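Dock chain R against the given chain P, drawing on the hints supplied.
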Amino acid sequence: MFAGYSAGELTAIFAMQGFAGLILFSVFVLMALGLAIIFGQMGVINMAHGEFMILGAYVTYLVSNAFATHLPDLFSIYFFVAMVLAFLASGALGMLVEWGLIRHLYRRPLDTLLATWGLSLILQQIYRSVFGAREVGVTIPNWMMGSLPLTDMIEVPINGLFVMVLAVGISVSIYALMFRSRWGQQVRAINQNRVMAGAVGINTERTDRLTFGIGCGIAGVAGSAFTMIGSTGPTSGQLYIVDTFLVVVFGGAGSLLGTIASAFTISQAQSVLEFFLSGSMAKVITLLVVVGILMLRPQGLFALKLRK
Amino acid sequence: MQSDRKTRFLTREEAIYFGLLAAVIFLILPMALDSFRLNLFGKYLSYAFVAIGLVLCWGAGGILSLGQGVFFGLGGYAMAMFLKLEASTPEATAIQSTPGIPDFMDWNQVTALPWWWEPFNSLAFTLVAVVAVPVAFAFIIGVAMFRRRVGGVYFAIITQAIAAILTILIIGQQGFTGGVNGITDLRTLKGWDIRSDEAKEILYFVNAGLLFACLFAAQYVRRSKLGRLLIAMRDQEDRVRFSGYDVASFKVFVFCLGAAFAGIGGAMFTLQVGFMSPTLVGIVPSIEMVIFAAVGGRLSILGAVYGTLLVNWAKTTLSESFPELWLLGLGALFIAVVMFFPNGLAGLWSEQVRPRLRKLFAGRGAGATPPAAPVPANSASAPDRPAAKAAAE
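Same order as they appear, the protein sequences are chains P and R. Taken in order, the first sequence gives residues 1 to 308; the numbers are from my numbering. Taken in order, the second sequence gives residues 1 to 393; the numbers are from my numbering.
For the record, the hints were derived by calculation from the structure and aren't laboratory data. Some clues are possibly wrong.
Cβ-to-Cβ under 7 Å is the rule here; a few derived chain P residues that face chain R [said to hold, decoys possible]:
| no. | residue |
| --- | --- |
| 1 | Pro109 |
| 2 | Val242 |
| 3 | Leu246 |
| 4 | Ile293 |
| 5 | Met295 |
All values reported here derive from a predicted model rather than from experimental measurement. Positions of the beta carbon are idealized from the N, C-alpha and C atoms, including for glycine.
Chain P extracted, bound-state conformation (with noise of 0.2 Å):
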């Protein structure tokens, strides 16, 4: 397939898609870290996991609907408001379905992914009602739109860059989080060992509850990022959570450097074959070589050596 192309061709090729890639790359960070940590973490299969990032990309809509009415001088801003609005809405329903339903279910993993699922599709009917069954779109700020030219042949989107300091800040975040916060100590204590946990006085309840909470919150800042790049409809999110599960997988679970290594060697194989291949049979390779190589290394990229 490389046939025909000069070596300075394929360079640029690469290039190019390998940055078209990392805006891909960003987006998985965004979505696969949440579930990193409710999955990885907590050991749950969270099938809603999407609806929770479609809660974000709605609410940041309504923000910027906000905005434009009643405070048209701040425009520029309101992202950064709806950001922290998405984190807060996505973060209470989680914490809400934790308290509901998750906690009843800590010991059938199996039956989660079925309940979660079924809570994806009450969510999927609520955003129909509620919002339509057409995508819905927000207006980007004026310093968001355009692009920079790097090279002649390379040019960077803004609102792409944006995504990916976004999915770098909230990388580093989740990071001081789990390993410098008491919080994070409390986590890993707990995935380490429970009962041991509990028994030092760790109220693990609690902890369940707000893990799961945040990630929920940081699915919602990832759909409230996807709004700068595209539109927003009530299944969007059935459409990410099989790469989503697949990137945490990949990775190794309840390892953030694992997922965030996996999101990128997905989003790069998948971006420069899309360039030889048609889109479908890109994305096809890139899942069977996924697939593939779980078969062989179940564990994932980075496993965490854990008693079981």
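Just chain R now, kept in the frame of chain P:
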């Protein structure tokens, strides 16, 4: 007597249940429904094949596959390819630029039949492929995963990814697969028009007969030592392994058996409905098939059939009159089954209805009948071993 009850193929009570289901499927439904509705129920029953397979894999074996649609689809596509080739005679497709190949290939500028379509000119090959292709596929997946002791949620996620991959592949390669529309416009089977009312009725009974064959096969597996090992593996896999059993092989076998059932179901779906499309392969249909089994009762093969009929009937009725309510209802059903009725309809029957019936009859008799076998109360809180009693009964 106890061991006899556990190893006999059908206890008297089970024989009655099988008889009741047979009466419903072979007598009551055909008499009560017109030809259109009967065909609809035939379609539902073709999903029941998958649900039975899921009861064996998931309920008994603890292996939740979210990719059963793949096997359903492979069986269905195998049958659809044969029927499509029969419908694409050079005379019938004379207006195409390349007569004699399926119409969607012609639309996509494919000029010759791909080599892997060729064998599907033969009915015998097709009938073998309907079972063999899904089984071979399941075997590869099963060996790769179970030998490495991948199970539980990882298996579910990976099978789901496989369902997604196959759907994308089918849609992407529309010149060879018919794309998102699938393989449509199927007419005859060896010259016999499958679209007539009479043919649909015959196909319904063929479908029902095959379903009972699969039910008996599943019952045989459950009654055999294999079935008891499966349940043991679900509850304490390591103990079974340390007792010297090759756990992976049993899992591969039951997964392949489920795939074979699903393949047969898919082929019967194609015959009765007259098309096959990727909408029956992907993630959404695969997970809906799990809910059929869950509603009926993940431990009961007969329950799975009732569950499939009930959910699909509700889906058709509700989405005809209140389309927006259906998704809410389905979502609530998922949650309710998991939270409150982990053993589904069959669990309700054996935990609630049957003990009361017994009491009723016992009260009329001498009153000496011992109470029904105690069912672990609140099975929702000790769900890692879903009421083994219900499985044994």
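Okay, the hints, checked on the actual structure:
| no. | hint | verdict |
| --- | --- | --- |
| 1 | Pro109 | holds, 5 Å |
| 2 | Val242 | holds, 5 Å |
| 3 | Leu246 | holds, 6 Å |
| 4 | Ile293 | violated, 11 Å |
| 5 | Met295 | holds, 4 Å |
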